[in-house]
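*Asks:* In the order they appear, the protein sequences are chains R and L.
Quick note: this note's numbering has the first sequence finishing at residue 105, numbered continuously throughout.
Quick note: this note's numbering has the second sequence finishing at residue 1105, numbered continuously throughout.
Be aware that a few hints might be false.
Just a sample of chain R residues kept apart from chain L, beta carbon distances all over 10 angstroms, derived [said to hold, decoys possible]: (1) 14; (2) 20; (3) 22; (4) 26; (5) 31; (6) 32; (7) 37; (8) 38; (9) 41; (10) 42; (11) 47; (12) 57; (13) 94.
To spell it out: a stretch of chain R is covered by chain L in this simulated footprint if at least three of its residues, at any positions, have a beta carbon under 8 angstroms from a beta carbon of chain L; those stretches are [claimed, not checked]: (14) 49-55; (15) 77-91; (16) 96-105.
Restricting the straight-line Cα-Cα distance to at most 20 angstroms, the calculated cross-link-like pairs of lysine to any residue (SDA-like) are [what the hints assert, rightly or not]: (17) R:41 / R:76; (18) L:1088 / R:68; (19) L:1080 / R:102; (20) R:68 / R:44; (21) R:96 / L:1009; (22) L:1020 / R:50; (23) R:68 / L:1104; (24) R:39 / R:76; (25) R:68 / R:42; (26) R:91 / R:39; (27) R:96 / L:1096; (28) L:1032 / R:41; (29) R:96 / L:1080; (30) L:1091 / R:7; (31) R:91 / L:1032; (32) R:88 / R:27; (33) L:1091 / L:1104.
Don't read these hints as lab results, they were simulated from the structure.
The C-beta atom is built at its ideal place from N, Cα and C for all residues, glycine as well.
Listed below, chain by chain, are the residues.
There are 2 protein chains.
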Amino acid sequence: MIAETPTPPYYAVIFTSRRKEGDSGYVEMANKMLELAQKQKGFLGAESARGAVGITVSYWDKTESILKWKNNVEHQAAQKSGKEKWYKAFKVRVAKVERDCAFGC
Amino acid sequence: MIAETPTPPYYAVIFTSRRKEGDSGYVEMANKMLELAQKQKGFLGAESARGAVGITVSYWDKTESILKWKNNVEHQAAQKSGKEKWYKAFKVRVAKVERDCAFGC
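Model the full assembly from the supplied sequences, consistent with the hints where possible.
*Replies:* Shown next as structure tokens:
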């Protein structure tokens, strides 16, 4: 459940959202998009949790891979639905992971 | 609930964790640490959600501020308790946010 990412540097896309009420096909599409993301070149892993906000962090080898995923046709359709049906608000942040640690922190 | 961060660049600390069963003072300490973090120089905001994993992303102006927060005495005590009592596993990733967007993505 914690993504097994390689030694930095690599990239993180931090997607934070507030959902509208009701599902409206959201969960099905979210699962489908995760499956599809996993098949993309350069995908390194993802982590997701939801409370008052949802946070999904996906990890990628480089910015080119992130851009390709952003422009993926099926993903583009999901992004459109997201803006129209699912999200009250969201923010996407693209960040370069410079270091990481675990129990050795 | 979605952090109101300034124009990039700035830094994100992505903290992903799997909790042990039971509270053992976790929620109280987590709230206390968030309050304390908010008082630190260079703190820009935070977002948090929990499902199978917990994800907390805190945002900072620069790496020096992150290091100071890491070394804060009260925070150090909380980190120790985290390793001993609260977390089965966790990962900390420090990342430089290079760009962000919202509905204009």
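*Asks:* Next step is simple, just say for each hint if it's right about the structure.
*Replies:* A quick look at each hint next to the structure:
no., hint, in the structure
1, 14, "violated, 6 angstroms"
2, 20, "holds, 13 angstroms"
3, 22, "holds, 19 angstroms"
4, 26, "holds, 15 angstroms"
5, 31, "holds, 14 angstroms"
6, 32, "holds, 18 angstroms"
7, 37, "holds, 16 angstroms"
8, 38, "holds, 17 angstroms"
9, 41, "holds, 20 angstroms"
10, 42, "holds, 16 angstroms"
11, 47, "violated, 5 angstroms"
12, 57, "violated, 6 angstroms"
13, 94, "violated, 5 angstroms"
14, 49-55, "holds (count 7)"
15, 77-91, "holds (count 5)"
16, 96-105, "holds (count 9)"
17, R:41 / R:76, "holds, 17 angstroms"
18, L:1088 / R:68, "violated, 35 angstroms"
19, L:1080 / R:102, "holds, 13 angstroms"
20, R:68 / R:44, "holds, 14 angstroms"
21, R:96 / L:1009, "holds, 11 angstroms"
22, L:1020 / R:50, "holds, 19 angstroms"
23, R:68 / L:1104, "holds, 18 angstroms"
24, R:39 / R:76, "holds, 16 angstroms"
25, R:68 / R:42, "holds, 10 angstroms"
26, R:91 / R:39, "violated, 24 angstroms"
27, R:96 / L:1096, "holds, 5 angstroms"
28, L:1032 / R:41, "violated, 41 angstroms"
29, R:96 / L:1080, "violated, 27 angstroms"
30, L:1091 / R:7, "holds, 12 angstroms"
31, R:91 / L:1032, "violated, 26 angstroms"
32, R:88 / R:27, "holds, 16 angstroms"
33, L:1091 / L:1104, "violated, 31 angstroms"
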